[in-house]
Amino acid sequence: MTAALLRASGVYGGYGGADILNGVDLAVNGDEIVVIIGPNGAGKSTAMKAVFGLVRIREGAVAWDGRDITNLSPDRVARLGLAYVPQERNVFPNLTVHENLEMGAYIRSGDISEQLARVYEVFPPLRDKRRQAAGLLSGGQRQMVAMGRAMMLDPRLLLLDEPTAGLAPAFVEQIFERIVEINRAGIAILMVEQNARHALALADRGYVLVNGQNSFTDTGPNLLANREVAEAFLGG
Amino acid sequence: MLEFVNFYLIPGIVLGSIYALGAIGVSLIFGILRFAHFAHGDMMTLGAYVALPLVVGLGFTVYAALPVAMAGVVLMAILIDRLFYRPLRDRPTIIVLVASFGVALMLRAAIQFAWGPHSHVYEKGFRKPIVVEGLRIAERHIWIVLLSVALVVALHLFLTRTKTGKAMRALSDDPDLARITGINTERIVAWTWVLGGGLAGAAGVFLGMDTQITTLIGWNMLLPVFAAAILGGIGKPYGAIAGGLVIGIAEELSAYPWIGTTPLLDPTYKSAVAFAIMVAMLLWRPSGLFKGRVY
Amino acid sequence: MADLATFLAYPVSLLTIGGIYAVMCLGLNVQWGFTGLFNAGIAGFFAVGAYTSAILTTPAHPDYLGGFALPVPVGLVAAMLTSGVVAVFIGWLTLTLRSDYLAIATIGIAEILRLIVKNEDWLTNGPRGIPGIPRPFEGLSPFQNNLAFLLLVLAIVAVIYVAMQRGLNSPWGRVMRAIRENELSARAAGKNIMARRLEAFVLGSMIMGLGGALMAHSIRFIGPEATEPLLVTFLVWVMLIAGGSGNNRGAILGPMLIWAIWSLTELVTRQLPSDWALRSAYIRVFLIGLALQIILQRFSRGILAERPPEPVPLDDADREGPGKGGSVG
Chain A
2 MTAALLRASG
12 VYGGYGGADI
22 LNGVDLAVNG
32 DEIVVIIGPN
42 GAGKSTAMKA
52 VFGLVRIREG
62 AVAWDGRDIT
72 NLSPDRVARL
82 GLAYVPQERN
92 VFPNLTVHEN
102 LEMGAYIRSG
112 DISEQLARVY
122 EVFPPLRDKR
132 RQAAGLLSGG
142 QRQMVAMGRA
152 MMLDPRLLLL
162 DEPTAGLAPA
172 FVEQIFERIV
182 EINRAGIAIL
192 MVEQNARHAL
202 ALADRGYVLV
212 NGQNSFTDTG
222 PNLLANREVA
232 EAFLGG
Chain B
68 MLEFVNFYLI
78 PGIVLGSIYA
88 LGAIGVSLIF
98 GILRFAHFAH
108 GDMMTLGAYV
118 ALPLVVGLGF
128 TVYAALPVAM
138 AGVVLMAILI
148 DRLFYRPLRD
158 RPTIIVLVAS
168 FGVALMLRAA
178 IQFAWGPHSH
188 VYEKGFRKPI
198 VVEGLRIAER
208 HIWIVLLSVA
218 LVVALHLFLT
228 RTKTGKAMRA
238 LSDDPDLARI
248 TGINTERIVA
258 WTWVLGGGLA
268 GAAGVFLGMD
278 TQITTLIGWN
288 MLLPVFAAAI
298 LGGIGKPYGA
308 IAGGLVIGIA
318 EELSAYPWIG
328 TTPLLDPTYK
338 SAVAFAIMVA
348 MLLWRPSGLF
358 KGRVY
Chain C
39 MADLATFLAY
49 PVSLLTIGGI
59 YAVMCLGLNV
69 QWGFTGLFNA
79 GIAGFFAVGA
89 YTSAILTTPA
99 HPDYLGGFAL
109 PVPVGLVAAM
119 LTSGVVAVFI
129 GWLTLTLRSD
139 YLAIATIGIA
149 EILRLIVKNE
159 DWLTNGPRGI
169 PGIPRPFEGL
179 SPFQNNLAFL
189 LLVLAIVAVI
199 YVAMQRGLNS
209 PWGRVMRAIR
219 ENELSARAAG
229 KNIMARRLEA
239 FVLGSMIMGL
249 GGALMAHSIR
259 FIGPEATEPL
269 LVTFLVWVML
279 IAGGSGNNRG
289 AILGPMLIWA
299 IWSLTELVTR
309 QLPSDWALRS
319 AYIRVFLIGL
329 ALQIILQRFS
339 RGILAERPPE
349 PVPLDDADRE
359 GPGKGGSVG
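Protein chains in written order, with our numbering: chain A, 2 to 237; chain B, 68 to 362; chain C, 39 to 367.
For the record, the hints were derived by calculation from the structure and aren't laboratory data. Note that the coordinates shown come from a computational prediction; the quantities given were computed from them, not determined experimentally. Be careful, since some hints might not be right.
[Stated by the list, open to error] In silico DSS-like pairs for lysine-lysine, Cα to Cα no more than 30 Å straight-line:
hint, chain 1, residue 1, chain 2, residue 2
1, A, Lys-130, B, Lys-230
2, B, Lys-230, C, Lys-156
3, B, Lys-195, B, Lys-337
4, B, Lys-337, C, Lys-156
5, B, Lys-230, B, Lys-337
[Claimed, not checked] Just so you have them, the derived chain A footprint on chain B, three or more residues with Cβ under 8 Å:
hint, stretch
6, 72 to 86
7, 220 to 234
Where a beta carbon is used, it is the ideal one built from N, C-alpha and C, also for glycine.
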């Protein structure tokens, strides 16, 4: 394999005493959509948090663009071009949509009108709501704000933790479309998804995690076609 | 009716403005650092005493001494945070509350040591109030209210127009997300003390203008200020403004002879009014009037 | 014998007052040390206890309520009951909320009680206070009486200590600590947290009320100055934290030690010219406050650390102070 943009190798770690990750390997290339699926408690979200410095890595390494970023603090990771969108509590509810986006660019100085314009272009509904408190938006719109906030730093890789969880079907479709659009603009995507079928259909590659370990790794279409994966993780 | 306005309503608004300034600080600090700041009252006392030598000794007007007093309290607040609160950041927040309780006494002892136990006034003598159509307003009362409004407007602009102000609201909203976003928590904490300390300093000076300056004026404010913060929804600076006004006006109106000719409530029990309102609020709606959070 | 009495008078009074503070520290230990409840109004419960017992045991007086002239033990029990009633009210109001609310509410009730004490002359004789509060063993000579009173105080400390140790190691004590350490898992385990916390708060406050009553009988007088938040609330806090909160022996050692330092430094500063005596009193308060900060930051376990009766998880090493964790996250 060529040098990946992001590579996690043999990562062990978790919260407090017990490990949740038991030697996870992940790689994302510069233009890919990569999806992590697996049963509940498999360590999918934890793996993503470990990459972003939110979970302590006990053993193993994370490399970004050839540079070691293992256990780097989240604000330092954010400065390198990775952006993370948590599954829950991913907007500042009492700040307006516009202010949420501004906070996304907190660590950068100077003009941010270009970034704002691009976010409003990708998520048109946000433009009309930009003076509203983010906490008053619908779930789908909140997810747009969260993704928009992450895009304000011009990241090269977007980490999305279950971006469609709890959304109405119409919104699920919309969010997936947006994700593909963002990826076409040259931003790599690593996401954890419960809507496994749907996510794998648009993924370049997928990882199946079980008990904090890699179980299957293949292209999206191949995983969808794999009977073992389909029976165990895609609901038959 | 005029008597009601002159002797109850106007003093209530003045007192309420002072409470509001204190309660905003308590609410901001709670929003960012998640503990009830028990030394806030004594920071107000410090503000009153910093202005004292400038006014009495150097002949400054109180208004000229005000910014100096605010700056003095800001510096002290940041110093106190560095020395006594920051080392406890990773500990349960109730430990920081205990520390602030100790800071309250240290501050008071230091003030008593420097200025002695006697009471002081900024200005001796009596100034004739302005009388318009039977409405009597002391000039200092007008200034206290106007300056309080100006400070609140400035605070509002800071919180809604500046990047630091927005980051402060963001941190108060969700500390984890703020961290992911790269917001520097310690920088925002320092700004919280700038705002909270500055407003406490101003409140102390205003209180000193309105009454006598003693080493206990701030401590006695603590209960109404906390009550105001809870009433407005703790962690919500805008709610604290309303809470302060409600408590201040309620305290003054409680002494009005609503029934018969004697005060409804003996004025010595003013602070019981604040407590009663707080108790009612905790029972009825602990999140405060404006849907603050219950922590 | 007279010489011995003179020689011993000071240590006896030192130990007596230290012992009374130990009673209050044991009360605070139930609340803070075992259960993590922050009580900032110790002075209020102290005042309720002190005045209850004073009013019930003194002879009649035209200016204020009294004339019951009941025996001292009745006064002590009544003091515990009235403090308990106040605690039920405050606890019921705030114990479901975050501990900061309890702190604010306790400081509020203490302030109001102080106002009542100061202003309701018919009840408390106002600023003049209630003099002539009787002690038990009045038939003895002054020195013997002091000694007997000291023994009474120490006996009460011992009884509370034994009861607390039993309580701490009983299922009740384990539930309390479970609540303090991790409210969520205790709640998940089906423990009725609100009721347990209320029990701890009321029990602790009753013990504080007893402490107040003992103090009134000890100095035979109670006035509003004695309920000043500094002297009571703050000293008791520093004493417990210095001794080691959560540890009952620490809750006895801490007050003895701090009270000795407090009184002995007063003995020294009293020799100074009056202007300096006053100023040095402020320095003393300042230093006590500073001592609290240093203990909190550097020696957060106190002199006698809490000894957990059962093995603790590994990550306990970095969790130092007691108390319910705030919503830092």
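Hint check results:
1. For the proposed pair A/Lys-130 and B/Lys-230, the alpha carbon gap of about 20 Å is at most 30 Å, so the pair holds.
2. Taking the CA atoms of B/Lys-230 and C/Lys-156, the gap is about 50 Å. The hint is violated against a cut of 30 Å.
3. Distance hint between B/Lys-195 and B/Lys-337 is fulfilled; the C-alpha atoms sit about 26 Å from each other, no more than 30 Å.
4. Taking the CA atoms of B/Lys-337 and C/Lys-156, the gap is about 14 Å. The hint holds against a cut of 30 Å.
5. Under the criterion of a C-alpha separation no larger than 30 Å, the hint pairing B/Lys-230 with B/Lys-337 is inconsistent with the structure, at around 41 Å.
6. A count of 0 residues in the stretch 72 to 86 of chain B with a Cβ less than 8 Å from any Cβ of chain A is obtained; the coverage claim is therefore unmet, three being the minimum.
7. Given as covered by chain A, the stretch 220 to 234 of chain B passes the check, having 3 residues with a CB less than 8 Å from a CB of that chain where 3 are the minimum.
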